[in-house]
Amino acid sequence: MEYLVEGILRAVTLILTLDPYVISVAKVQIIVSTSAVILASATAVPIAVLFSFRNFPFKNFLLTLINTGMGLPPVVVGLVVFVFFMRRGPLGFLDLVYTREIMVIAQYLLAFPIILGVSIAAINAVPKSIRETAYTLGARDREVALVVIKEAAFGIITGILAGAGRVFAEVGAILTVGGNIAYDIATPEGIIHVSKTRTLSTAIPLETSQGDIAAAIAFGLILLTITFILNLLVSFLRRRASIEA
Amino acid sequence: MEYLVEGILRAVTLILTLDPYVISVAKVQIIVSTSAVILASATAVPIAVLFSFRNFPFKNFLLTLINTGMGLPPVVVGLVVFVFFMRRGPLGFLDLVYTREIMVIAQYLLAFPIILGVSIAAINAVPKSIRETAYTLGARDREVALVVIKEAAFGIITGILAGAGRVFAEVGAILTVGGNIAYDIATPEGIIHVSKTRTLSTAIPLETSQGDIAAAIAFGLILLTITFILNLLVSFLRRRASIEA
Amino acid sequence: MRRSIVRLENISKHFSGREVLSRINLEIREGELLTLLGPSGAGKTTLMRIINLFTKPSEGKLYFRDREVTRLSGDALLEVRRSMVMVFQKPVMFSGSVFDNVAYGLRIRGYSRAEIERRVKEALRLVGLEGYEERNARTLSGGEAQRVAFARAVVIQPELLLLDEPTTSLDPISEARVHSIIRKIKELGISVVLTTHKQHEAIALGDRVAVLKDGKLQQVGTPQEVIYTPKTRFVAEFTGMVNIYDGVVEEVGSTHCTVRVGEVALMMHAFEASRGERICIGIRPEEVMLLRTDVPLNPRHKNVLTGVVSEISPQGSAMLRLRIASGGFEVSADVPRHVAEKMSIRKGGEVLFSLKTSCLRRLEE
Amino acid sequence: MRRSIVRLENISKHFSGREVLSRINLEIREGELLTLLGPSGAGKTTLMRIINLFTKPSEGKLYFRDREVTRLSGDALLEVRRSMVMVFQKPVMFSGSVFDNVAYGLRIRGYSRAEIERRVKEALRLVGLEGYEERNARTLSGGEAQRVAFARAVVIQPELLLLDEPTTSLDPISEARVHSIIRKIKELGISVVLTTHKQHEAIALGDRVAVLKDGKLQQVGTPQEVIYTPKTRFVAEFTGMVNIYDGVVEEVGSTHCTVRVGEVALMMHAFEASRGERICIGIRPEEVMLLRTDVPLNPRHKNVLTGVVSEISPQGSAMLRLRIASGGFEVSADVPRHVAEKMSIRKGGEVLFSLKTSCLRRLEE
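Chains as they are written, first to last, in this note's numbering: chain A, 1 to 245; chain X, 246 to 490; chain G, 491 to 855; chain L, 856 to 1220.
You may find that some hints are simply not true.
[Unchecked claim] Listed next, the stretches of chain X that the computed footprint assigns to chain A, with coverage defined by at least 3 CB atoms under 8 Å from CB atoms of chain A:
1) 351 to 364
2) 446 to 457
3) 460 to 469
For the record, the hints were derived by calculation from the structure and aren't laboratory data. Idealized CB from N, CA, C, for every residue including glycine.
All chains should be built: construct the whole structure from the sequences, respecting the hints.
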């Protein structure tokens, strides 16, 4: 028990003293996952609007694909990305394996279907009568779309946060494509670790297996804080939405 | 590209020839995750019924806790389980680190809040008028509960499948507490690997980093098949439920 | 007097500070059909839920067959509740067959299989759904589901049936069918309380009508009492007494009083009041009497006025509603079509009319 | 004859094999209020949606101001649709203020800020919601939201306003308020189509009434035509002609025909038929005439029968409905209360009654 308390205290110290290794791991996580979420939102939300307002061939098939994507194990997504980008794979010439770029790609593929799926659901949840009211009042398709997006705004943001939740907490994909790499730098104070592709989530199993419980707990605390903030935002939006309705 | 095709072909061969290593990894995954889901269902569903029919102090607080649990990063759950059971941790005397038992515990903790949360939501989604109709027709609390469970059955099963989906695909927790261990056995045909705590999901990043793409793809295919079946069941139930309603 | 089944004594109900029901005193008697008439938000459903022991009143006492049941719980509550059934405004079906639904109340009461089958069959016949036993209850139309809900309630043979707005948003043909089912249920000796916001329904079905507004009981009486001697302005308005005036008492006599409304002085039957008091009076449109102008005026006609017809609109099928202006004094009069034709009444034409002293009624605010 | 705004020519609509509307021919004229009366499921809403260009008919042609608009799309559709507005049965509010909601149609039409403010204010005054501009539209009561929906529609000054069941499930006081708003809208010169399942509403509001059943137009006419000369059995039933009989033509004369109903032979005005033909006839309950038994029978009374009063129930406020059995022949008669009192009618008593030849009407099945 004392050992546990001691571990937690040392973890808090690592965070508060801005330990370079801890900071660099957290930075990689935040840069990679935030980029993935921003890219996924920027592409998924317009597509969601298109999906709800236009009919086109294979629409149902694409919807099924999106649903499948939402349920795909991240580790499998990571594997697929890996085999495409590995040296002898079809995109191997890009030389992206074990870089932050490929991590963004993998997490983008994880976030995209969730944001798209939740946004489509949010837009479809806007009562049909809202659209028809806008139409009967003389609105054009574009104006109706604006009305619907406004009504679905809370739901779309919830979808983006859900996507963020998925990629920040995820281990399988990012470990497979990123490789969990950190390297050493010599400084006047001694040798320190710096993360190249190691993230909060991939660092935890590594540090526990190497016996550095304090570092693992430090990473866990930061990760927990991030997901806690995301959850807080989601439940805040839920409450706002239920007051609105 | 040929390399990729070759990898897939070798992966299929590994599966079809029932390669002992592949089989033993899949067996660990199935034993651990299925045990966790069964235990979580057996405890979560009765508690969900209790939650919906009884008021007690701290109920809202507990509901918030369940919601938090549903959003907790699996790797953090794994870390918490690890620090409790590590040799110098409070439950270290049980000596469970890097065993299948501790993997069941970690995955139980992942599945439980989801199954509980979804079951509570399913029961609460049964219109209040169903309960009141049963009451006005003269039903006792117990009889009303039976009616409500019957109406919510599809939703509860969906919750169990969602729990299964979470634990089968998850890497962080199981890697942290299980350690991804396999060992060698000498046989007349030569030395083969056998999994102790290595699962489909944790084996993939390992095999890719060690360059055994065929094994990684084999594991990915099996994992995909499992999640595909789970998703199929969920969408089947959704359709049944929407026809019923 | 018939025995009482349910009695409410000074029942009040607050929800988060708002008073939904206020000091209700009401008795439901054996074998009667009581209609509870009021606009949406009057507290009708809350009152039904209190009677069915779903909601505990904030104040007051509830009696079932002269036994106080206000704060019952557990088995005692169950026993009382099992004497009655409520059919909700929007009935829901349990998943399963129609038979399962109708049989539910009997099954939980432990009836034998044969008895259940016999009674379910009988109940389905009552609501005109013979042979529906094996149908999936979730695939029924709205009207069919409602009739199954009636069967599900009646099959238990309750002493009291509570029907919450059973005909809201039904078309007239479906409404007529529901009315006929309700009459059949009443003939089985089951007492019924029915809430409605439709005046015509409350009057056509009710042995007695209780009028509720803003949680307050305005009046309880036979349909005729409620229509012809409304106690309050609200009851008058709600039951179609469209001519309501604010006036000032001018003279108080032993047999008659005079009340001034604008420029017109109206003679009424005597009532207790003091000169100069402001009061509210009303007259039903069908009680405004048009007089022939080609014969001498009969001296027994009081309050005779001339006016100009400013509007004519159909009122139901048999009547026309005239809007008549007599200077600043305006009145609506319902006249049978054939009478209007005979008197060649037309828009802009002049008419002579009389307001009988006995038809002018004083209303509380 | 007023100019036509919308004309439907042989409009049919199928949904997955089911015929929801069948060969509808109907014209909506400038300035008129047309009520579309029918039970739920008759196709009223589908018809409205076809007029508002939401639904394309399966067959037939739709004209707007004599221009065919059946298969318009894009800007041409938008232009026509902008001449009309529909208010849905359950109006929804956009999130935002009441002002935002009412202003919506004007904003997308690019009106100036000042003009929008002026018109919104005026529209809110029309529906009695002055000063509600800044209220959150989602916090309004159901009735208020409906009035905002009316304002939101009228503010555009459409040529045609489509109101889909605006009073379903309203209590009589709210209904009266909605009726008065509709009358004010009509006075603005806006043509209105209103669907309803309430006979009294269709009759009280409509310049013309179109009766719809199972997707087929049964009859279009003035309220009086629909009530007194219903063409089909359904129209008769739906408008309260409760006495409907199947009979056989016995004699065909030049001025009169005789029809046998059970044991009774009824004389009717002449119509085209052959002896032995089975036909359906009806008479409104208020046209059954009770005769005094203390004076000699007037020979101009035809179809005089004696019967026994088997049931008396209130019918609205002014009338009593008597169920009279004359052997196997039964008839319902609506009698004013005061007449019933004067004739001392009571349950079980004997009455003499006459069915005027002109009031017996032949109905199509």
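- Query: Which numbered hints are broken by the structure, listed smallest first?
  - Reply: Of the numbered hints given earlier, the structure breaks just one, which is hint 1.
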